[in-house]
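K.L.:
In our numbering, the protein residues as written are 1 to 69.
Some hints could be false.
[What the hints assert, rightly or not] Using C-beta positions, here's what the derived DEER-type ranges look like:
hint, residue 1, residue 2, range
1, GLN41, MET1, 13 to 21 Å
2, LEU45, PRO18, 26 to 34 Å
3, TYR46, ASN2, 13 to 21 Å
4, ASP20, TYR46, 25 to 33 Å
5, ASN39, ARG4, 26 to 34 Å
6, LEU47, ILE3, 15 to 23 Å
7, ARG4, LEU47, 17 to 25 Å
8, ARG13, LEU47, 14 to 22 Å
9, GLN41, THR5, 24 to 32 Å
Worth flagging that the hints you see were computed from the coordinates, not collected in a lab. Ideal placement from N, C-alpha and C gives every residue a C-beta, glycine not left out.
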Amino acid sequence: MNIRTTLDLITLRDVTNPDDHHCLYEGDGENGVEIYFENEQTRQLYLDRQLEEHKVICGNDSDDYVAEG
């Protein structure tokens with residue numbers, strides 16, 4: 001499933017005419033998110049953001065699962 005968001009993630013303002021604005025697609029083509037930005041500057045600010053550490057959390061929702069740690 002692909003999701004399209006018109007909320008600029010930097011300014012938090014809605015992009016009312018997305019076809020005329022800068023866009024970024026994150027995903028594998030089949031599943032992903034299309035993010036629209038008010039301008040190239042806010043798109044670049046989003047791309048330049050560095051997360052301190054990426055964490056992947058995996059879980060087990062079976063009845064006999066016991067968390068360790």
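K.L.:
Range hint 14 to 22 Å: satisfied by the CB atoms of ARG13 and LEU47?
P.N.:
18 Å, holds
K.L.:
Using the C-beta atoms of GLN41 and THR5, is the stated range 24 to 32 Å upheld?
P.N.:
Once the Cβ atoms are compared, 18 Å apart, the range 24 to 32 Å for THR5 and GLN41 is violated.
K.L.:
Given the range 17 to 25 Å, decide if the beta-carbon distance of ARG4 to LEU47 lies inside it.
P.N.:
Hint holds: Cβ distance 18 Å, inside 17 to 25 Å.
K.L.:
Is it true that the C-beta distance of TYR46 to ASN2 lies inside 13 to 21 Å, as the hint says?
P.N.:
18 Å, holds
K.L.:
LEU45 and PRO18, beta-carbon distance inside 26 to 34 Å?
P.N.:
18 Å, violated
K.L.:
How does the Cβ-Cβ distance of ASN39 and ARG4 compare with 26 to 34 Å: does it lie in that range?
P.N.:
With a Cβ separation near 18 Å, ASN39 and ARG4 fall outside 26 to 34 Å, so the hint is violated.
K.L.:
Taking the beta carbons of ASP20 and TYR46, is their distance inside 25 to 33 Å?
P.N.:
18 Å, violated
K.L.:
Holds or violated: the 13 to 21 Å window for the beta-carbon distance between GLN41 and MET1?
P.N.:
Distance hint for GLN41, MET1 is violated at roughly 30 Å.
K.L.:
Assuming the hint says 15 to 23 Å, is it satisfied by the Cβ distance from LEU47 to ILE3 or not?
P.N.:
19 Å, holds
Violated hints for the displayed structure, listed by number in ascending order: 1, 2, 4, 5 and 9.
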